[in-house]
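In order, the protein sequences belong to chains A and B. All the letters of the first sequence, read from the start, carry residue numbers 530 to 1088 under our numbering. All the letters of the second sequence, read from the start, carry residue numbers 102 to 186 under our numbering.
Derived by calculation from the structure, the hints in this document are not laboratory data. Where is the CB? At the ideal position from N, CA and C, for every residue including glycine. There's no promise every hint is true.
Covered stretches of chain B (in silico footprint by chain A; criterion: 3 or more residues with CB under 8 Å from a CB of chain A, positions within the stretch not fixed) [said to hold, decoys possible]:
hint: 1; segment: 146-160
hint: 2; segment: 168-175
So the derived label-pair ranges between C-beta atoms look like this [claimed, not checked]:
hint: 3; chain 1: A; residue 1: D624; chain 2: B; residue 2: R118; range: 31 to 37 Å
hint: 4; chain 1: A; residue 1: P739; chain 2: B; residue 2: N144; range: 28 to 34 Å
hint: 5; chain 1: B; residue 1: A180; chain 2: A; residue 2: T558; range: 48 to 54 Å
hint: 6; chain 1: B; residue 1: R118; chain 2: A; residue 2: Q534; range: 30 to 36 Å
Computed list of lysine-lysine pairs in BS3-like fashion (alpha-carbon distance at most 25 Å, straight line) [to be verified]:
hint: 7; chain 1: B; residue 1: K147; chain 2: A; residue 2: K578
hint: 8; chain 1: A; residue 1: K660; chain 2: B; residue 2: K129
hint: 9; chain 1: A; residue 1: K578; chain 2: B; residue 2: K157
hint: 10; chain 1: B; residue 1: K157; chain 2: A; residue 2: K660
hint: 11; chain 1: A; residue 1: K846; chain 2: A; residue 2: K764
hint: 12; chain 1: A; residue 1: K578; chain 2: B; residue 2: K128
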Amino acid sequence: MILVQGKGVSTGVAIGPLYFYQRAKSTITRCEVADTDAEWNRFKEAQAKAIEQLGELAEKARKEAGDEAALLFETHQMMAEDMEYEEAIQTAIQDTKLNAEAAVTDTSVQFAEMFASMEDPYFQARAADVKDVSSRIIAALTGVIQGGINSPVPVILAADDLAPSETVQLDKAKILGFITEGGSGSSHTAILARTMGIPAIIGVGDQLKPEYEGKEVIIDGSTGNVTIDADEDAKAHLLKKMEEQKKMREMLEQLKGQPNETLDGQKIKVYCNIGGPDDVPAVLNNDAGGVGLFRSEFLYLNCDDFPSEDVQFDAYKKVLSDMGGKEVVIRTLDIGADKQIGYFNMPKEENPALGNRALRICLNRPEIFHTQLRALFRASAFGKLGIMFPMVTSVWEVKEAKKMCDRVREELTKEGIPFSEDVEIGIMIETPAAVLMSDRLAKEVDFFSCGTNDLTQYTLACDRQNADLGRFYNPHHPAVLRALKMVCDNAHKNGVWVGICGELGADLALTETFLSIGIDELSVSPRSVLPLRQKIRETDVSQVKEKVLADLLSDENAI
Amino acid sequence: MKSFEYTITDPVGIHARPAGILVKEIKKYSSTVTVIKGEKSVNALKLIALMGMGIKQGDTVKVTIEGADEEAAAAEIEAFFKANL
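Extracted from the complex, chain B is given alone in its bound form (with noise of 0.2 Å):
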């Protein structure tokens, strides 16, 4: 399993344009992405779930990845939430 933390840095959050591409990209690979904040953690897939934790501007979350492609996963996921969020 691999795992990283991010602070976001988006003004309003994990929004639905950063969140619907980050579907698009976890579902390039087979792993299983799970963002976690505080006690609540969802799988990312689901979009509204996702949506629905209410992430905003400078809440730390942490994002594991579990699976067979996880290494490739993990950096482009963090890359990604680095460039978007």
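Chain A extracted, bound-state conformation (with noise of 0.2 Å):
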């Protein structure tokens, strides 16, 4: 048993043997021979490889298509085997010295030329023919194999990195999964195989040797491991997850379309959290009800100076248009703390998780956000809106956002510009202060979005990305979970709903916890919406509710 590691980028497992692509070159070589009666004998057996391959072709198409169809690929067997078209290569092999391939082309090219200067459009057309015929017989002298794959079985397909011109050309039916030496996980075959739903790993690197070609290999995209040949326990293990994840893929599947609605009737909205325009189509492949985050950030990280109104227009209106009025929530610029922009001119600080960020940094520099606020308000137009602020800490922060939102409104309005008057307002909920001042902020707003990573982080007075406080950043602490229950309390008095869209969100640990304070919306990833919704479905939250409720509360839980 070899195990290579590399890095998965689409997850499932796959068995199959191992098949290194073939590459097609570019240039033939052109060299001189010292053997010719072995290079004439060379030309003989790749020519009867193009004479069988187009038999084999022959036959297909007179099964699909009838003996018209398969005329064609009788000619071409003709041609192949022409007489004159024989002697022309016999003569620049044996007289000439040309290797094989390079007596192929030439004739490939004086045949095709004759054709071409005839004069009759029909004839002229058969220049393409002769063509044909002779890439196949140098296809078969360079033991190139059309399509990349050669095999009669689907294989996993090995290769350096594979060209968008390449994968194209793929036999999918053959390929059951992917090994790249290099790549990343925005390479096409990365790409490629989680539109194709299977595993694919990237950075191999040397690891995989050409000896172990045709080999028995399993990959396993979830964890980046790749075995050869691998020993009977480690195989069982294999093929039991294998059959585990398909087993599950046919059972959320079988989700979608069904309610996010728990055993005793109660509903939840289930919603995804998004980056940009791109990840929209994975959005409603799983079936979620809407985007409950669209971190606007994108736009500014992509450029070398602020994102013009009319580039985040398009970029908003594009999503809000391809949901199809399901509602989406962009959150206004969340930048600072570990989100530096190099054209925002910001000095550094000496705590950038307390600083100047987000809603601050809008609000300190109101230019911004007006550019900001006047795309939003515009895309509105195209489909159901939330706009939502990030790090609030105080009622007249979303005041004065508020203010500008109106201001805005007023100028578009002025200016004749359509936008829509049902855009909801929202606010997210990640420090301890907008907790504390819920019932306030709650008669300022339409919806709060608990953002569960920096609300635990502030809470916990933690630092998430210090590996050593891994114990001490703790999401399930009851100072959390206590926090979102007073959240939702403050805002159902108000008629306020709530989501959250951090991390936690798809922790199925809690699922039963959030039905049961009564969190309105789950933001999650596009992945994490059926295996949520399945959970959902299974709960029954009048039996768990009050020991989810007393547990907040309990001395053995007040760890």
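Join the two chains, each given in its own frame, into one complex according to the hints.
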């Protein structure tokens, strides 16, 4: 058993023979050969192979489309063994001592020119037939396989990396999974694998040796493990995992179109977190009800200067229209702390997490905020928009931000630019101050969305990026959960809905808790939507609520 | 040696499809079949050369058949020309 470690970029387990991608050489070599008889035999073998392939194609065509369709390939067969064509190649090899590849190429050019110079367009077009036949013989000579895979059974395909043009030509039915030497999570191979729903592992470097070709290999896209000639235990383990994943996928697939409703009839919305318009297909494909968090930072991070109002408008509009009327909550600029952007020219801070970040930057530099709000309201005409302000600690901040919204609405009205009157305004709840003031904040907004990553960090005064603080950073801490309950209670008293858009939302160990305290919406990554839906549909809130609420206050949980 | 003359009626002339079938037909016999148009002549087994003559509708060609089985071959091939070309 040989183990190779790479980086998994598309999940799933697959088993099959390892196959190295056969790359076509773009140029053929031209050289003088000493043993012309051997070279002539090389040609005869390649010619026979080409004729055999054409015979197979003719039979396939005959079965699928009849004798007429088969005739094209039969004609190609005759061209391949045409006496004059063969004689010209023989002369090139025997007399000029050319290697077979060059001899076929030269003869192909010569015959193609003969056809091309004929008057009749029909005969001119036959030049293509000569070239086609010749390239088939050259492919047989150089051992290149059309489509990159020459295997009767599906394979695990290994390559250094694949170019877009190569991935297009791959025979997809022959691929069980990918392994690449290089590549990145956004390489074409990775994207193709995720689209096809098969596992892919990248970055194995030179660990895959050519002599492994044909050996049985098992790849696990969730761990990045490549197991070659697995022993029985390892194989049994991985096959079991593959079977479980298959069952899971089938089961999740059936959950599409089902409501996010508990056994006792309590409903909760399941939305998605996205980083840009490219993520929308995944949202819809996983049957999410909307977008609960669209991080607008990507627009700023992908630029060398502040993105213009129109650039932003296009991106927001695209997401809103692609979501087809489903709600989209866009968070206004949230940079600072761990997300820095050069052109903002922010001075270095001692405590960036407690510094000039998110809404604070927007209120300190209203011109940046103004541009974004204009783009947002303009886009609101194309769907159901919610605008959300991050990093709120005080009621006055929300009032000031809303005043800016009013100003933008007035401007757009004056300019005759359409926008929606039904844009919901909400805030992130991610500071202890916002939790404690949630009864007052609720009077200013339509919704709350709890950013549990920062809420945990600020509530526990614990840096989430400091590896030494692992056991101190506990998102299940009762302080965090009590905070969420307090926010829910204050929100509901004021008719405001509450969501969770942090990573905690997808934590199935807490789904019962969230349902019990009355969270209205969970916003998670697209692939978490269906597992979460399954968990919700298995939960009976009436059975667990009392215990969950008691646990928040119990002595043994007061860790 | 046997021979016949034939004027091509097929709108495309001696193109790939009938030329291909013709080569198949001729291979059944041991006789040598030659297609002659004006000064040019080709061995009809040479598919590419035969097509390369660019024989069009209205062209008259002479076909010669020479060999042990020329009697049978000539009748068969003339019938083929009439049916397909």
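Report the numbers of all earlier hints that the structure fails to satisfy, in ascending order.
2, 4, 6, 8, 9 and 11
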